[in-house]
Structures are given as C-alpha cells and as structure tokens.
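Colleague: Each chain, letter by letter, is given below.
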Amino acid sequence: MTDDDLTPIEPERYELHATPTYNFNLDRRDFIKAFGLGILFIVPTTRAHAQQRDQAESGRGRFGNNLPQDINAWIHIDEAGKVTVLTGKVEFGQNIRTSLTQAVADELHVPMSSIQMVMGDTELVPFDLGTFGSRTTPTMAPQLRRAAAAAREMLIAMAAEQLRLPPNDLRLVGARFVNHDKSKTLTLAEVARGRKLIKVIPENIAITPAADWTIAGTSVTKVDAVGFVTGRHRYTSDLKRDLMLYGKIVRPATFDAVLKSANTKAAEAMPGVKVVVDGNFVGVAAPDPQTAIKAANAIVVDWTSTPQPSNAELFELLRKPASDGEGRGRGGSRPQGSIANGLASADKKLESTYTVEYIAHAPLEPRAAVAEWTGDKLTVWTGTQRPFGVRGELAEAFHIPEDKIRVIVPDTGSGYGGKHTGECAIEAARLARAAGKPVKVVWTRAEEFSWAYFRPAGVIDVKSGVKDDGAITAWEFHNYNSGSAGIQIKYHTPNTDIQFHQSNSPLRQGSYRGLAATANHFARESHIDELADAVKMNPLEFRLKNIKDQRLRAVLEAATKAFGWNKTKAAKGRGFGLACGFEKGSYIATCAEVAIEPDAKDRKNSRVRIVRVTEAFECGAVVNPLQLKNQIEGAIVQAVGGAMFEAIEFANGKILNGHFADYRLPRFSDAPLVEVVLVDRKDLPSAGAGETPIVGLAPAVGNAVFNATGIRLRSLPLAPKGIPTPIGL
Amino acid sequence: MPMPTVTELTINGQRTSVNVEPDVLLLTVLRDYLDLTGTKYGCGEGRCGACTVLIDGKPIRSCRTTTANSAGKSITTIEGLAKDGKLTPLQEAFIKADALQCAFCISGMIMSASALLDHNAHPTREDIISSMNGNVCRCGVYQRIIEAIQMASNTGSAEE
Chain A
1 MTDDDLTPIE PERYELHATP TYNFNLDRRD FIKAFGLGIL FIVPTTRAHA QQRDQAESGR
61 GRFGNNLPQD INAWIHIDEA GKVTVLTGKV EFGQNIRTSL TQAVADELHV PMSSIQMVMG
121 DTELVPFDLG TFGSRTTPTM APQLRRAAAA AREMLIAMAA EQLRLPPNDL RLVGARFVNH
181 DKSKTLTLAE VARGRKLIKV IPENIAITPA ADWTIAGTSV TKVDAVGFVT GRHRYTSDLK
241 RDLMLYGKIV RPATFDAVLK SANTKAAEAM PGVKVVVDGN FVGVAAPDPQ TAIKAANAIV
301 VDWTSTPQPS NAELFELLRK PASDGEGRGR GGSRPQGSIA NGLASADKKL ESTYTVEYIA
361 HAPLEPRAAV AEWTGDKLTV WTGTQRPFGV RGELAEAFHI PEDKIRVIVP DTGSGYGGKH
421 TGECAIEAAR LARAAGKPVK VVWTRAEEFS WAYFRPAGVI DVKSGVKDDG AITAWEFHNY
481 NSGSAGIQIK YHTPNTDIQF HQSNSPLRQG SYRGLAATAN HFARESHIDE LADAVKMNPL
541 EFRLKNIKDQ RLRAVLEAAT KAFGWNKTKA AKGRGFGLAC GFEKGSYIAT CAEVAIEPDA
601 KDRKNSRVRI VRVTEAFECG AVVNPLQLKN QIEGAIVQAV GGAMFEAIEF ANGKILNGHF
661 ADYRLPRFSD APLVEVVLVD RKDLPSAGAG ETPIVGLAPA VGNAVFNATG IRLRSLPLAP
721 KGIPTPIGL
Chain B
730 MPMPTVTELT INGQRTSVNV EPDVLLLTVL RDYLDLTGTK YGCGEGRCGA CTVLIDGKPI
790 RSCRTTTANS AGKSITTIEG LAKDGKLTPL QEAFIKADAL QCAFCISGMI MSASALLDHN
850 AHPTREDIIS SMNGNVCRCG VYQRIIEAIQ MASNTGSAEE
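Protein sequence lines correspond, in order, to chains A and B.
If you read the first sequence in my numbering, its first letter stands for residue 1, the second for the next number, and so on.
If you read the second sequence in my numbering, its first letter stands for residue 730, the second for the next number, and so on.
Calculated directly from the structure, the hints in this document are not laboratory data.
Possibly wrong hints are sitting among the right ones.
[Unchecked claim] Far from chain A, by Cβ distances over 10 Å, these chain B residues were calculated: (1) Thr734; (2) Gly742; (3) Ser746; (4) Gly786; (5) Lys787; (6) Asn798; (7) Lys802; (8) Asp813; (9) His848; (10) Asn849; (11) Ala850; (12) Met880.
[As the list claims (entries may be wrong)] To spell it out: a stretch of chain A is covered by chain B in this simulated footprint if at least three of its residues, at any positions, have a beta carbon under 8 Å from a beta carbon of chain B; those stretches are: (13) 139-149; (14) 220-228; (15) 236-244; (16) 404-416; (17) 655-667.
Glycine included, every Cβ here is placed at the ideal spot set by N, Cα and C.
Starting from the given sequences, assemble the full structure and let the hints guide the process.
Modeller: This is the structure in structure tokens:
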C-alpha cells in the first residue's frame, strides 16, 4: 500500500518518549464491537503499518498489549444508503473532516452530504498512530480513496447482479447506479438493504488522478460549520453525563515536587466530595464546579521541591549534552567534504548564534476529559491528537487491557502538536474510578501553561564561508535541543556538517506545529541573508544562485513576484525580508514588509510592526484551495507570536507568565495583511500543509528588520520590547 | 460563606432561575447549570473573549461576571442568535468566509461582532480590529473573521 507512514518519528517529539505522569493500581473486563446491517468495506493493513506500529512501540509501550485488527480504514454503507467512513484521524481545526470527506465523495461518486466521518473513536475506528506530522493528507486521504474506489467497483458489481446486468453497463453517479440508457437504476440504499456483508478491499486499486478530481480540488467550506456558528457542537469540555461530577487536581508546588503530606479532612467533610490521594496525585470530585474548587483549596498539601534553573541559565544549559544523550547528534547527517577546507577557500567567513525560547501551544480549549467507568470498562472523551496513544496511556496507568478502554475524541478546540498526551484523561479516569460516577476535568488556563509541554527552546550555532561570487563554500550547523526537523540545507555547498544535539531540558517539552523546522529555518534563512549581505548580493539573487531544486525556486519566484520584490524599494522606516524552505514534502517562500515605528512615549525605542506578508506554498496537488489558504493564513498569524513576542518565563520549577495577561498571543491588531499564492501541482501527490506554512515568517521578518535598520536580530522572539530607533527615523 | 440564592435570569428571551451562590460566575451558570455550552471558557481572566455574551446588548465577559450582577438583565448567548433554525447574516457570513478552523473562539467572536454591528452597521477594517482586539483566535483566522464581519455588514440588517 503506502510506505509514506514509515517516516521516522522526529527525536524532538519528546513527549512521546517521556515516562508516564501517574502510576496507579488495577482492574479488568470485555467488550464486543458491532456494526448494523449493510455493507462494510475494510482495508487490510500491510507490512508498512506493522512497521509503523513497531516504531511507535520502540518509543515506549504505549501502543500496548492488544494490537488491533490489521485494518487501515473502514467504510460502511447502511441500509439507508448512508456512507460512514471511519478513521483514526481527528479534527482539531485543520478541517480534515472536510478534506477527507471530499476525497471519499470524489472516489465513491456520492455527494458529500451522504457521507459521515467517524473520527478518533478507538472502539469504532481502525488503529492510527495519531494526527500529527502533516500526514493525514499524504497518507490517510489516499488510503480512504483506495477504499472508496474499491467499494465503488464492488458496489457496482452487486448492483449489476441485482439488476441482472453486466457490471460494465452500470455506473455509480450521485449515489445512484445507472445503466447506459438510464432504463434501469438502483440506489445505494437498495443495494445495501438486508445485507450483512464484509468486503475486503484488494491491494492494488487505481485511484483518480488529481487532474480528474471533481469534488476534491475545489473550495468547500467546513462540513459541519452550522454546529460551530450556533454553539451546538460539543467539544469535550462541553460534555455532560448523568450523575457527572466535576474534578479538580491539586497541583504540585513546583515541577518535580514530591508529595510529603496531604491533609484532606476539610475537603472530605464537604457534601458529595470524593478525595483521591494516590502517589503524587491529589484530586477531588464534587457535584458542582465551585464545590470542586473549594474542596481542592481546602486540602493542605506539603511538597518537597528541588532547586531548578531559570531563563537566565537556559542557553548555557542547553549547550551541555544530555546526560543520557547519544554523543553525536541525531537527525543530522553525515558530514560532506571538509568544513576546514571550505572555510579556507572562502572569501568571507561568518559565525553566528541563534536562539529560540520555549513557547506554549495555548490551544484555546484547554485540556479536558470526561471519564466514565461501567463495571471494569472505561470510556473517556478527551481532546487528544493521539486517541490510541492515550488509550495506551490509560491502560498503563490503570493496569487494564486496552480492549477495556474506549477513547472518543470530539472535534477539538485545537492542539498544534500540544495535545499528544493523556494526562487529563488519566486524571478524570482516576477520579471517576474512586467516585464511582463519571467525572469531568477541564484544565484551567494556568494549568495548561504549567502542566502541558512546550515547544523546545534551542541554541543554533552556524559557521559558514562564501566566495565573493556568492558560492557557499562551507556550512556547519549545530542545533542544541530544539530538534532536527527542517535541519537539512537546500543550498548547494560542497562542505557541510549538520548536527542536532540533545540536551537536558529544564522544562517539559515536545511537539509543536512544525517542530524544529521553525527554529532551523529561522537560523538558516537569517544566516543566508547574512551571507548575501557579506558579498553585497540581493537576497533573492543570492538564493537563486545557490538553489537548484526547481520546486523551491518556483515558490521563491512566485512569492517574490506577487510581493513586488525588486520592483519597489521599501519606504523610509520600512524593510523587506525574504525566506524560503522545504519541510514535510512541501515548499514555501515568504516575503514580509515591516514598519519600524518609534514609540510615542519613548522615541528612542521602536516597535516592529509586520505590515504585510506574501507566502507562496506548494504541497503537490491541492485538495481544497479554500481550506489550504485558511491553514496558511492561520499558520502565518500563529508564527507572528513566536517570531515577535511569545516566550515562556520560568524560575525554580515554576512558570512565571502562565496567564493570557502576561503571555501575549497574536491578536487582530498583530495580524499582517496576508497574501497567499498557491502553486498547485496536479502532477504530484498531495503533501500535508498543517505545519510548513509556519516556518517562513520569523526569518522573513528578521531579514526585513535588517533591511530597514541594519540591526540583525538572532533570537526568537525577535523584538518583544521593540528595537532601538535607527538614526534618522 | 455565601449561601445559595435563587436568582432570576433572562436568557435568550426566556426567564429561568438558578439556585447558586451569588458570586458563582455567569459562565459557570450558563455552561454547567443551564447546559448552554456554546459560551466557552478560554482563560478565566477576560483576556480571550471566548466567554463573551451580550448583557443588555453589550458584549460582556461571562467569566468575569457574577450571577448576582446578571440578575434582571437581558442575557443573549450564541444559542439565542438563530431563530427557528435560521442563521443570522453574521453566522452565515462566518461560514461563507470560511472563518472557522477549530472554531472554539467562534461563539465569542460572533457575540462580539454582533454587538459591534448593532452599534456600527458599517464598520471599517480599523473599527473591526479595535473593537474585536479582546477576542483571541489561536488558529489565527483573523483576516477571515474581518471579512465575515464586513460581509455581514454589507448584507444590510446584520442583526435584528
């Protein structure tokens, strides 16, 4: 089938390798899966998927004891002709519920309205590693297409038999089977009625090439949009179960604190309150939310804390190798040529250090879970990007088999890589088990800031050489801690040494949209600009001189053309900047215009405002231009935060700015005018687009600030408090 | 400790009463007592706008408003906008402009925008930015939300 899923898991997905949050004692039971009447098409797995799971398991045992049926995807057609597509992917705002529906509708020849996607319910959907890494479009969409294409052919055969016609006389059009002269028709419902069939999809099925798509490739708005604009859609945090209690966790005083004692008397005396103290876990469940808060506050806890580092020591700390590190960096590549020779032959040599801070995902819906035990069976509704991963975590925490656990993921209030773990699910389940009633836990914003994980901070050292004609002679690149995604260079140079080094992170860290591609693109594209400046070349010409990759050249040319690069000069106090890159199978070029605006009160200090951004993006064949543009625009705005002002402040095991009042997020007034240029390559397979559009903004803005002021900013965030006002402004 | 008190509330034109301590937040009452979960918790400190409702026509952060302070006033939540299943032009515009990613902020966005259009039927881009700046969309859909509000304002009677 597909080998796309064999992409190794990036080392900086630290949260997937972490030790469990809680350890509890145990329980067990059984369940049976059932489908109603109709026809069920199953897509069997291949070697590729077995390997995918082996990889997952090598991280840790979270995919557990009872590996599920060897199935990739299911499509069910019920007696009313309603098509249900089941996938382990989840909807977090990427609008894949829409794009996957388009893919199935396209292949099955039924309208989108007759398709329902069941996503992320571990009892119903086939195993899936998780919704991350921009993999849904390149891997799940083709799988569902194959299933739908095969289902279409099998259904035509069944309809033909029913009508006593040769199958090649029938076509499936708009959910109806029609023969050549339209004298005989059958509906999907009429074919499915009274059947209870399981059909296995054969391996080699041709799918419709992008050039022939009719529904995919078009702009379609969010499939279930009405539920969202009316407030009807139920996110996890909106769910209510009969007799449900509200849970509240008593958090440790600092990270890594160990519980010394907990006096729970006052809390336990409150009516209807259940208190749980288990290891380091202290929590309460109460009949209403305010009682839960009061009960949690009434518990007197004593923690043993240990001294921990702060921002001041961060970058020094990250340069030290991890205590359990593997020496030479992972995720880099074998050195090519000789850096020493490359530097010796250079006309200009540069050496720069770039840093990035920890930043928070800050999904607007904080972590939430509703847990319900029925006998020894556990059902948990929770917003996670890894429903099967969280099922594994629950199995591990409660020492029960995975087939006793059902994890259901309602369409969730975003994640950006920040909801890969199941700590909230475990907390709700622990309280529910003790209380004997369903329990809901919704993290507060402060909890989300302190007890989730962050995008890794990092230090990047770059050493390079360039000839006066613009040829790059040496490229040495060391990334400490932030990660290896997007670390490879697309510029031609004979001598390279590119490495990623793991460090001991003072904070819990993990996946964040784009992973380290943001940090690595920031360092690389800033440095490339520095090289262009060193040899007095136009940043665009310098890039084009050193880039051979035609797809990368194409987005560079598209973005600069739309932006007007080289056509106009930036006005006084303004600057233009450029950056480009490649990651997760897609290509990006970003142009930014910034304005340097002196503060009204303190004219010596200037604010950097991003005026406009033009981004060209190419991810193969475009599935839904509207949603793709939406993703790109959103990624650019999210990137503004990390580029301009977001940074986690911490000291001694505490987060110091874990509130929206202190941690600034991009707002309407921060959003630049964004122009998106899509380069649609119908001849290429579709790549994912959730991440790569985020990587170009920071370097493009940094380069634009340099263009405007001559000031080179090498740290993200670039200018949280502004920059010194340039002379003459 | 304050005792539970019966408080009369008028929500989406309907009178209802809740028996809670007077300092319980309106957000809690809406979501956990009245099951009006379209109004969201995002930060609890009035900084994200996800909990925005209209009180006597004004956009108010229900995470910073007590039940006692809401008594006797007219409260409108996202559930109260569409009448008989018919969406308002503003709700329609959010769909048409595709101003939806995870959409967790959208109830608050629509309530804030609806208050804006009530007072300013044809806001400029700058008007929209300044009056919506307290609402956070972490997915970064701002440009489309601005388009949606402009689209709704152009359809004439944006709100009844």
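Colleague: State for each hint whether it applies.
Modeller: Outcome of the hint check:
Here B:Thr734 stays apart from chain A, with its beta-carbon at least about 13 Å from theirs, past the 10 Å limit. The claim that B:Gly742 lies off the interface holds: its Cβ sits roughly 16 Å from the closest Cβ of chain A, which is beyond the 10 Å cut-off. Every beta carbon of chain A lies more than 10 Å from that of B:Ser746, the smallest distance being close to 16 Å; the non-interface claim holds. Remark: the non-interface label on B:Gly786 is consistent with the geometry, its nearest Cβ contact in chain A lying 19 Å away (cut-off 10 Å).
With a least CB separation of 19 Å from chain A, B:Lys787 remains clear of the 10 Å interface cut-off, as annotated. For B:Asn798, the shortest C-beta to C-beta distance to chain A comes to about 16 Å, beyond the 10 Å cut-off, and the non-interface label holds. Listed as a non-interface residue, B:Lys802 keeps its Cβ farther than 10 Å from every Cβ of chain A; the least gap is roughly 20 Å. Non-interface call for B:Asp813 relative to chain A: holds, since the shortest CB-CB distance, roughly 12 Å, exceeds 10 Å.
Distance check for B:His848 against chain A: the nearest CB is about 17 Å away, which clears 10 Å, and the non-interface claim stands. At roughly 15 Å, the least C-beta separation between B:Asn849 and chain A is larger than 10 Å, which holds for a residue marked as non-interface. B:Ala850, annotated as away from the interface, keeps every beta carbon of chain A farther than 10 Å; the closest lies near 20 Å. The Cβ of B:Met880 lies farther than 10 Å from every Cβ of chain A, with a closest approach of about 13 Å, so its non-interface assignment holds.
Counting residues of the stretch 139-149 of chain A whose CB falls under 8 Å from any CB of chain B gives 0; the rule of at least 3 is not met. Coverage of the stretch 220-228 of chain A by chain B holds. Counting CB-CB distances below 8 Å, 5 residues qualify, and the rule asks for three or more. Counting residues of the stretch 236-244 of chain A whose beta carbon lies closer than 8 Å to any beta carbon of chain B gives 3, which meets the minimum of three for the stated coverage. With 5 residues carrying a beta carbon less than 8 Å from a beta carbon of chain B, the stretch 404-416 of chain A meets the three-residue requirement, and the given coverage holds.
With 6 residues bearing a CB less than 8 Å from a CB of chain B, the stretch 655-667 of chain A meets the requirement of three and the coverage assertion stands.
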